[in-house]
Amino acid sequence: MQLLDAARDSSDPDVWLTTLATMSRRIYEPCVDLERFLRESGDADLLARYREVRQRRYERLQPLRELFAKSPRLRSELTPGEAIDLIWSVTGPESYIELVFERGWSADRYESWLADALRVQVLKPSPARSATAR
132 MQLLDAARDS SDPDVWLTTL ATMSRRIYEP CVDLERFLRE SGDADLLARY REVRQRRYER
192 LQPLRELFAK SPRLRSELTP GEAIDLIWSV TGPESYIELV FERGWSADRY ESWLADALRV
252 QVLKPSPARS ATAR
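Using this note's numbering, read the sequence shown as starting at 132 and increasing by one per residue.
Hint data in this document are derived by calculation from the structure and do not stem from the laboratory. By construction, the Cβ of each residue, glycine as well, lies at the ideal position given by its N, Cα and C atoms. Treat the hints with care, as some may be off.
To be verified - Label-pair distances were calculated between CB atoms; the ranges are:
#	residue 1	residue 2	range
1	Pro203	Phe232	35 to 41 Å
2	Pro256	Lys201	15 to 21 Å
3	Asp164	Gly212	17 to 23 Å
4	Lys255	Asp164	35 to 41 Å
5	Ile158	Pro258	30 to 36 Å
6	Ser141	Asp174	36 to 42 Å
7	Pro203	Glu233	33 to 39 Å
Kindly generate the complete structure, drawing on both the sequences and the hints.
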């Protein structure tokens with residue numbers, strides 16, 4: 132995926148977080164019904180598969196650990212591991228289901244909110260953003 136390749140080439144955490152928001156939307160938009168079925172089926176094999184998918188999603192975030200360890204932008208109260216935990220939690224399908232399907236948000240609004248939420252929760256404000264906020 133070109134989007135992920137562009138993020139891999141960047142050392143800017145903002146680029147990574149925006150990319151994760153876009154990818155979350157693009158993944159959940161077409162297959163959220165399958166995700167809901169896996170989660171709610173009650174079938175032991177499907178639940179095991181659902182847990183595997185969640186674990187793989189967490190593992191795919193691990194390359195960010197090094198980026199956050201090197202970045203002066205990581206919020207001082209977070210370790211790189213805690214940042215990944217937050218990202219994993221917020222980018223899960225649950226927030227997409229709740230906001231888009233249950234609360235009626237558009238997928239565009241979800242993606243925009245998610246990118247902003249990730250930046251606010253994980254990163255210190257960038258100097259450029261702080262200057263424009265005044």
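So, going through the hints one by one against the coordinates:
For the hinted restraint 35 to 41 Å between Pro203 and Phe232, the CB-CB distance of approximately 38 Å keeps it satisfied. Range check, Pro256 to Lys201: about 19 Å between beta-carbon atoms, so the 15 to 21 Å window is met. A hinted range of 17 to 23 Å for the beta carbons of Asp164 and Gly212 is inconsistent with their spacing of about 32 Å. In this structure, Lys255 and Asp164 meet the distance hint of 35 to 41 Å, their C-beta atoms being roughly 38 Å apart.
Here the CB-CB span from Ile158 to Pro258 is close to 32 Å, well matched to the stated 30 to 36 Å. Remark: the range hint 36 to 42 Å for Ser141 to Asp174 is upheld by a beta-carbon distance near 40 Å. Between Pro203 and Glu233 the C-beta distance comes to about 38 Å, which sits within the given range of 33 to 39 Å.
In summary, the structure is inconsistent with hint 3 from the numbered list given earlier, while agreeing with all the others.
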